[in-house]
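Asks: Top to bottom, those sequences are chains H and D.
Numbering of the first sequence is given in this note's numbering, commencing with residue 1 and proceeding in unit increments.
Numbering of the second sequence is given in this note's numbering, commencing with residue 145 and proceeding in unit increments.
Just so you know, these hints were derived from the structure itself, not from any lab.
Given the structure is predicted, the values throughout are model-derived calculations rather than measurements.
All C-beta atoms in this analysis are idealised placements derived from N, C-alpha and C, irrespective of residue type, glycine included.
Any given hint might turn out to be false.
Unchecked claim - Far from chain D by the CB rule (all over 12 Å, computed), these chain H residues:
#1 W10
#2 V21
#3 G33
#4 F46
#5 D48
#6 A49
#7 A51
#8 P54
#9 I60
#10 A61
#11 C65
#12 A76
#13 A85
#14 Y93
Unchecked claim - Quick list of simulated restraints, FRET-style, between CB atoms:
#15 L258(D) / P13(H): 17 to 23 Å
#16 V261(D) / S39(H): 36 to 42 Å
#17 I60(H) / S214(D): 15 to 21 Å
#18 S111(H) / A208(D): 42 to 48 Å
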Amino acid sequence: MDLKICRHFWVGPVAVAGSVVLSAGAQLFMKAGMLHVSSFGLVPLFSDAAAAMPVLVWLIAGFGCYGLSLLAWLIALSQYPLSFAYPLLSISYVLVYLAAAAWPRLAEPLSETRTVGIAMVMAGVVLVASSSPASKNRKRPATA
Amino acid sequence: MFTGRGSLEPAAMMEYALVAVSIALLTGGQLLQKRAMILVGKPVAWHEFLAAVAAQRQTWGGVACVGLGSMSWLGVLYHMEVGKAFPLLSLGFVVVVVLSRLVLREPVPAVRLLGVVLIVAGVSVLGWT
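Using the sequences and the hints, build the whole thing.
Replies: This is the structure in C-alpha cells:
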C-alpha cells in the first residue's frame with residue numbers, strides 16, 4: 001500500500017495530535033513505573049522477576065510511546081513550519097492536567113489556579129493554531 | 145538547599161547555566177529536526193519518507209540534542225522548584241519562535257506570537273500553583 005503522506009489534508013493535524021498524545025502517554029507510563037518503584041523500592045526489582053515485570057511493562061510502554069511520538073513529530077514537521085507546530089506541543093500540559101482528574105495518583109491535583117493557567121494555555125494554543133502557516137515548507141520538486 | 149541569600153551564589157548560577165544549556169539543546173535540536181524535514185521535502189510514499197528522514201544527519205543530530213536537553217532538564221528539575229522551572233521551560237517556546245524567524249526565516253504572524261505569549265503566561269501560572 002502506497003500511502004502518500006503529503007496528499008491528505010489530515011496528515012498534519014493527526015501528526016501533531018499523535019505526537020502530543022503519545023508523549024503525554026509516555027510521561028504517564030513512566031510515572032506509573034516510578035510510582036511502582038517508589039511503592040516497593042528498587043531492591044525487589046533485581047531479585048524478583050514478578051516484582052520487576054510491571055515496572056518493565058510501564059517502562060517499555062513509555063519508551064515505545066516516546067519513539068512513536070518522535071516519528072509523529074517528524075511527520076508534523078514535514079507539514080508545518082516549526083514556529084507553528086512547536087507551540088502546539090503545549091497541549092500536552094493540558095492533557096496532563098486532564099489526566100489528573102482521571103488518575104489522581106499520577107498527576108498533581110486540580111485547583112482554581114491550575115484551571116486558570118490551563119485556560120490561558122488553551123487560549124494561546126487556539127491563537128497559534130489560527131495563525132495558519134502562510135508558507136508550508138515545500139522543497140520545489142521536479143514533479144509536483 | 146537554597147537559603148535565599150541571593151541568586152548569585154555559585155550553586156544558583158550553576159543551575160541557571162544548566163537551564164540555559166537545556167534550553168539551547170532542546171531548541172537547537174528542534175531547529176535541526178526541522179532543517180532535516182525541510183531537506184527531506186515531501187516524498188510521496190512511506191518507505192521513501194522514512195528512508196529520507198533516516199538519511200539526514202540533522203535528524204540524528206536533532207534527536208540527540210533533544211535527548212541530551214531532556215536529560216539535562218531532568219537535572220534542573222531535580223534541584224529547582226517546579227514554580228521556577230516551569231516558566232523557564234516555557235521560555236523555550238519563545239526561543240523556538242524567534243529562532244524559527246531568524247534562522248529558518250519563517251514568516252511569523254502576530255497572532256502566533258501573541259498565542260505563544262499567552263502559552264508562556266499560562267505555563268507560568270501553572271508553575272505558581
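Asks: Determine for every hint whether it applies to the structure shown.
Replies: Status of each hint after checking the structure:
Interface exclusion of W10(H) from chain D stands, the closest Cβ pair being 15 Å apart, more than 12 Å. No beta-carbon of chain D comes within 12 Å of the beta-carbon of V21(H); the shortest separation is about 18 Å. With 12 Å as the threshold on Cβ separation, the claim that G33(H) sits away from chain D holds: the shortest Cβ distance comes to roughly 15 Å. At the 12 Å boundary, the C-beta of F46(H) stays outside the reach of chain D, the nearest C-beta of that chain being 23 Å off.
The beta carbon of D48(H) sits about 27 Å from the closest Cβ of chain D, which is more than 12 Å, so the claim that it is off the interface holds. The claim that A49(H) lies off the interface holds: its Cβ sits roughly 28 Å from the closest Cβ of chain D, which is beyond the 12 Å cut-off. At the 12 Å boundary, the C-beta of A51(H) stays outside the reach of chain D, the nearest C-beta of that chain being 25 Å off. Once the 12 Å rule is applied to beta carbons, P54(H) is consistent with being away from chain D; the minimum gap is 23 Å.
No beta-carbon of chain D is positioned within 12 Å of the beta-carbon of I60(H); the least distance is around 18 Å. Every CB of chain D is more than 12 Å from the CB of A61(H) (nearest about 18 Å), matching its label as outside the interface. Interface exclusion of C65(H) from chain D stands, the closest Cβ pair being 14 Å apart, more than 12 Å. The claim that A76(H) is not at the interface with chain D is violated, since a C-beta of that chain comes within 12 Å of its own (minimum 9 Å).
Not every CB of chain D lies more than 12 Å from the CB of A85(H), the least distance being 8 Å, so the non-interface label is violated. Interface exclusion of Y93(H) from chain D breaks down, the closest Cβ pair being 6 Å apart, not more than 12 Å. Between L258(D) and P13(H) the C-beta distance comes to about 21 Å, which sits within the given range of 17 to 23 Å. Range check, V261(D) to S39(H): Cβ separation about 41 Å, and the 36 to 42 Å hint holds.
In this structure, I60(H) and S214(D) meet the distance hint of 15 to 21 Å, their C-beta atoms being roughly 18 Å apart. Roughly 37 Å separates the CB atoms of S111(H) and A208(D), a value that falls outside the hinted 42 to 48 Å.
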